[in-house]
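Peer 1: Each chain is listed here by its residues.
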Amino acid sequence: MSIIELRNVRKSFGQHEVIHDVSFAVEKGEVVCIIGPSGSGKSTLLRCINGLETYQGGEIVVHGERVDTGSSRIRQLRTRVAMVFQRFNLFPHRTALENVAEGPIFVKKEPREAVLARSRDLLTRVGLGAKIDAYPAQLSGGQQQRVAIARALGMNPDAILFDEPTSALDPELVGEVLAVMRSLADEGMTMVVVTHEMGFAREVADRVLFLDGGVLVEQGPPEEVLSRPQHPRTQDFLRRILPS
Amino acid sequence: MSHFLSQAETFLPILMQGVYLTVLVTLGAFVLATGLGLVWAFMRVSGIAPLAWTARTIIVVVRGIPGMVTLFYIYFVMPDLGLSLTALQAAIIGLGIAYSPYMAEVFRAGIEAIDRGQTEAALSIGMGWSLLMRRVVLPQAIRVALPPYGSTMVMLLKDSSLASTITVAELSLQGKLLASSTFENTTIFTLVALIYLAMSLPLTAFNSWLERRMRQAR
Ligand SMILES: Nc1ncnc2c1ncn2[C@@H]1O[C@H](COP(=O)(O)OP(=O)(O)O)[C@@H](O)[C@H]1O
Ligand SMILES: [Mg+2]
Chain P
1 MSIIELRNVR KSFGQHEVIH DVSFAVEKGE VVCIIGPSGS GKSTLLRCIN GLETYQGGEI
61 VVHGERVDTG SSRIRQLRTR VAMVFQRFNL FPHRTALENV AEGPIFVKKE PREAVLARSR
121 DLLTRVGLGA KIDAYPAQLS GGQQQRVAIA RALGMNPDAI LFDEPTSALD PELVGEVLAV
181 MRSLADEGMT MVVVTHEMGF AREVADRVLF LDGGVLVEQG PPEEVLSRPQ HPRTQDFLRR
241 ILPS
Chain D
1 MSHFLSQAET FLPILMQGVY LTVLVTLGAF VLATGLGLVW AFMRVSGIAP LAWTARTIIV
61 VVRGIPGMVT LFYIYFVMPD LGLSLTALQA AIIGLGIAYS PYMAEVFRAG IEAIDRGQTE
121 AALSIGMGWS LLMRRVVLPQ AIRVALPPYG STMVMLLKDS SLASTITVAE LSLQGKLLAS
181 STFENTTIFT LVALIYLAMS LPLTAFNSWL ERRMRQAR
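The listed protein sequences derive, respectively, from chains P and D. Anchor point for the first sequence: position 182 equals 182 in my numbering, and the numbering is continuous, going up by one each time. Anchor point for the second sequence: position 83 equals 83 in my numbering, and the numbering is continuous, going up by one each time.
Treat the hints with care, since some could be wrong.
Stated by the list, open to error - Which residues of chain P face chain D? A partial, calculated answer using Cβ under 10 Å:
hint	residue
1	L52
2	R87
3	N89
4	G103
5	M155
To be verified - Anything over 10 Å on all C-beta distances counts as not near chain P; from chain D, calculated:
hint	residue
6	A8
7	F11
8	A49
9	T70
Hints in this document: simulated from the structure, not taken from any laboratory. Glycine included, every Cβ here is placed at the ideal spot set by N, Cα and C.
Take these sequences, add in the hints, and give me the full structure.
Peer 2: In structure tokens form, the structure reads like this:
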């Protein structure tokens, strides 16, 4: 069974349809990168998967269960798919450790001491063992995003969705975040990553999806989609984004 | 000066009875306005259209009516509708209602100052509305709202003198009554003004201190 499955998903804002009939599945342990121009619906798609947006047509299924924002199970479902945001979205009034421990303690009601111990380990794992008690404002963008990744991991999710996790970072900080993501991929974490980092997509992704104007134009292994794109729209996009 | 001091000694105990009522009206109305203001604010940010609309209407209507008229309404009109209140009760309820829109706006501004991304992050880890409010929004909103909340209390302290219009012998009315029976206008109204200052200045100072602390805490 796929961890995430989209079948003929449509999403509109008012009259304006921004996702047109998108279908794809993500298997356990798979890393799927979604690329595409700005405004093509990448964020909206992730937000629908996490139940942060409603969708109007088709079906999104996570671990066999339909994602339905009106359902009483939606919160439970959200705890199983974590999200890492472009702008980190850490809780500024809580330390790095508290940010990571917040969900497990207050949402999942896990025992506090065990959660704190695990959260410390997670922060150490993303290279922030020395910053456990720092507040987000005291951290660089790259460090904040690594805390956000630790926060996602703290939920023990079945999959993590990343929405352009390095786009808000200074160029010299991108590498440290990508390195953490790469190690997660190596450990078998299921990941859906919206990114403009073509190098990351090429080396880490099992599959690349090209989204344009709300349409899933093309998908396949990175060496095919990125090196030998079949569709003219993909070719055009890659020509503009990759320095030749 | 010594004349003033010896007179002050005579008048102060009488004025203190007024102070007692002033404090009672201020605190009572403050608590009520806080409660109502929280309700209006939560209704407005609930995302539920009829609730938001109702709260907005209440705020606009109450804010458009002078506080004194609200007091008259509670004290003189309510008995016709079968609800008799003492002057003190009417003053507390009337001022509490009259001040609730300001409270609501203070709280709403605090809540809306929280970046939307945090709400999303909270939802994405499975928080529901009440956890989101308790753990994420309110702790931060309080920092934003506390200074204006404190200033509202100072305004309310001064406006508690409106209670005199419905016969509550709070500080200003007590002063007026005392003055009209003794003709010591200068001494008495100087005392009354000093007593108001003695209450409002520490509040204002406490407020500025709080504001500085909130700002330091990031
Ligand atoms: N809350 C919203 N209300 C209305 N339109 C929206 C909203 N969010 C996104 N859109 C529109 O949906 C389209 C896709 O946006 P988005 O998913 O953010 O694209 P991407 O992440 O690929 O840049 C855009 O046309 C955008 O203007
Ligand atoms: Mg986006």
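Peer 1: With a cut-off of 10 Å on the beta carbons, see whether P/G103 makes it to chain D.
Peer 2: holds (4 Å)
Peer 1: Given P/M155 was flagged as interface, is its beta-carbon under 10 Å from a beta-carbon of chain D?
Peer 2: The hint holds - P/M155 has a Cβ within 10 Å of chain D, the shortest such distance being about 6 Å.
Peer 1: Would you settle whether the hint for P/R87 is holds or violated, based on the nearest Cβ-Cβ distance to chain D being less than 10 Å?
Peer 2: With Cβ-Cβ at 5 Å, under 10 Å, it holds.
Peer 1: Hint P/L52 vs chain D: min CB-CB distance below 10 Å?
Peer 2: With Cβ-Cβ at 6 Å, under 10 Å, it holds.
Peer 1: Taking the minimum C-beta separation from D/A49 to chain P, is that value above 10 Å?
Peer 2: Nearest chain P Cβ is 16 Å from D/A49, so the label holds.
Peer 1: Hey, does D/T70 actually stay past 10 Å from chain P on C-beta?
Peer 2: The claim holds: D/T70 sits with its nearest Cβ about 37 Å from chain P, beyond 10 Å.
Peer 1: Examine each Cβ of chain P, and state whether all of them lie more than 10 Å from the Cβ of D/A8.
Peer 2: holds (48 Å)
Peer 1: May I ask you to test the interface hint for P/N89 with respect to chain D, counting a Cβ-Cβ separation under 10 Å as satisfied?
Peer 2: Holds, because the Cβ-Cβ distance from P/N89 to chain D comes to roughly 4 Å (cut-off 10 Å).
Peer 1: Determine whether the non-interface label on D/F11 survives the test: each CB of chain P must be over 10 Å from its CB.
Peer 2: Given that every Cβ of chain P is farther than 10 Å from that of D/F11, nearest at about 49 Å, it holds.
Violated hints for the displayed structure: none, as all numbered hints are satisfied.
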